[in-house]
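Asker: The lines below spell out each chain.
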Amino acid sequence: MKPFSIENRPELATYLSGFFLALLLTLLAFGIVCAQTGIALQPISFVLGRFPQGAERLREMPHWLVISGIFVLAVLQITVHLWYFLHLDFSPRQRMKVHAILFSLCIMFIIICGTLWIMQDLGNQMSPISSGR
Amino acid sequence: MIPEPSLPFPVPTEICSPAKTFGFWIYLMSDSVIFALLFATYASMSRNYAGGPTGKEVFDLSTVFYETLVLLSSTLTCGFSILSLSKAKTPRLLFWMAITFLLGLGFVLMEYSEFHSLIWQGAGLDRSGFLSAFFTLVGTHGLHVSIGLVWLLVMMVQVVQKGLTAPVQSRLYRFSLFWHFLDLVWVGIFSMVYLLGVL
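Sequence lines, in order, name chains A and C. All residue numbers for the first sequence refer to this note's numbering, where the first residue is 1 and numbers rise by one. All residue numbers for the second sequence refer to this note's numbering, where the first residue is 1 and numbers rise by one.
Among the clues, some could well be false.
Residues on chain A that point at chain C, a partial pick, calculated with CB under 8 Å [what the hints assert, rightly or not]:
no. : residue
1   : Pro10
2   : Ala22
3   : Leu24
4   : Ala29
5   : Phe30
6   : Thr37
7   : Leu65
8   : Val66
9   : Leu73
10  : Ala74
11  : Ile78
12  : His81
13  : Arg93
14  : Ser104
15  : Met108
16  : Ile111
Don't read these hints as lab results, they were simulated from the structure. Remember, predicted model here, so these are calculated numbers, not experimental data. C-beta atoms are modelled at their ideal positions from N, C-alpha and C, and glycine is treated no differently.
Put together the whole structure using the sequences plus the hints.
Answerer: Below, the structure written as structure tokens:
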């Protein structure tokens, strides 16, 4: 008798690969920001110092690419967490969970994009506050 | 004939029934909607400095970096505790739960000292819309981690007192889902709030 059924028994390799993938994505995101701003973070600055050409290339990245890069890295890392730590996959036994997550992603999309849209629009329609106050 | 040695507790075929896991999953999803609301609030307030300090001036990226590493390690040790649970090894389970607790406590203390120094510098949550939204978002996450620490402590007591009974196993499994979920929210916070804030 085992406390876990065969399908959902966790494996050491799963957690370790999830951890190292997440660590890599975290270091990449912080590395880009360190190279861009010149903030010294000890382990990252050391690596950037060893590869001056790569650091130079990161520093010269255009602003829009940096912001979308950080966004993409965050989405990738969240996917890694869902897959390796929360054991989400596309097997039939997980289908209800996937439906729940897709539904809440829908809600989150409406909330975030709707808020930004409406507040941005309101901000644009406000008359500027006089600086003398 | 010698009877087969049996475990002192009934072993379920699954650690946590699919219905319970799914119910907890629904809770996590509603929690993520709360965080989405707070992220949306922060995103629309993130430039409302009201003449106060900007993120670039007050955020200390090295604290955030170590907080991230500590929370990510605690997610790994939480996974190790579930591995020990699946092998029904109680001492090892308690060891990894204690390590997870200490790492989580370290995270909360680092966040507390960060908030303390921000308020000390005059960048408290009453300074500007940006800081109100920042403290609400990051503070809500910190509150979740603190409640998770209390839950973890209660589970350690239950493991010692009750042993690995079916309800205890199921609670531990759901705790691990909660803990991994909190690290997932932190990924959003350090990317969207801190990394974009210091750029």
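Asker: Hint by hint, note whether the structure agrees.
Answerer: Okay, the hints, checked on the actual structure:
Checking A/Pro10 against chain C by beta carbon gives a least distance of about 6 Å; that is within 8 Å, so the hint holds. Checking A/Ala22 against chain C by beta carbon gives a least distance of about 6 Å; that is within 8 Å, so the hint holds. Violation of the interface hint for A/Leu24 is found here, the shortest Cβ-Cβ separation to chain C being roughly 11 Å, above the 8 Å cut-off. At its closest, the beta carbon of A/Ala29 sits 6 Å from a beta carbon of chain C; the interface hint therefore holds under the 8 Å criterion.
A hinted interface residue such as A/Phe30 counts as satisfied when its beta carbon comes closer than 8 Å to some beta carbon of chain C; here the least separation is about 6 Å, so the hint holds. Taking 8 Å as the C-beta cut-off, the interface hint given for A/Thr37 holds, the closest approach to chain C being about 6 Å. Of the supplied interface hints, the one on A/Leu65 is violated, with its beta-carbon coming no nearer than about 12 Å to a beta-carbon of chain C, more than 8 Å. For the restraint placing A/Val66 at the interface with chain C, the shortest Cβ-Cβ distance is roughly 7 Å, inside the 8 Å limit, so the hint holds.
For A/Leu73, the shortest C-beta to C-beta distance to chain C is roughly 7 Å, which falls under 8 Å, so the interface hint holds. Restraint check, A/Ala74 versus chain C: the minimum CB separation of about 4 Å is within 8 Å; hint holds. Hint on A/Ile78 holds. Least Cβ distance to chain C is approximately 6 Å, under the 8 Å limit. With a least beta-carbon distance of about 4 Å to chain C, the hint placing A/His81 at the interface is held under the 8 Å criterion.
Below 8 Å, beta-carbon pairs count as interface contacts, and A/Arg93 has one with chain C at about 7 Å; its hint therefore holds. Among the interface hints, the one on A/Ser104 holds; its C-beta lies about 4 Å from the nearest C-beta in chain C, closer than the 8 Å criterion. About 4 Å separates the beta-carbon of A/Met108 from the nearest beta-carbon of chain C, less than 8 Å, and the hint is met. For A/Ile111, the interface hint holds, the least distance from its beta-carbon to any beta-carbon of chain C being 5 Å, beneath 8 Å.
This entry does not satisfy hints 3, 7, going by the numbered hints stated previously.
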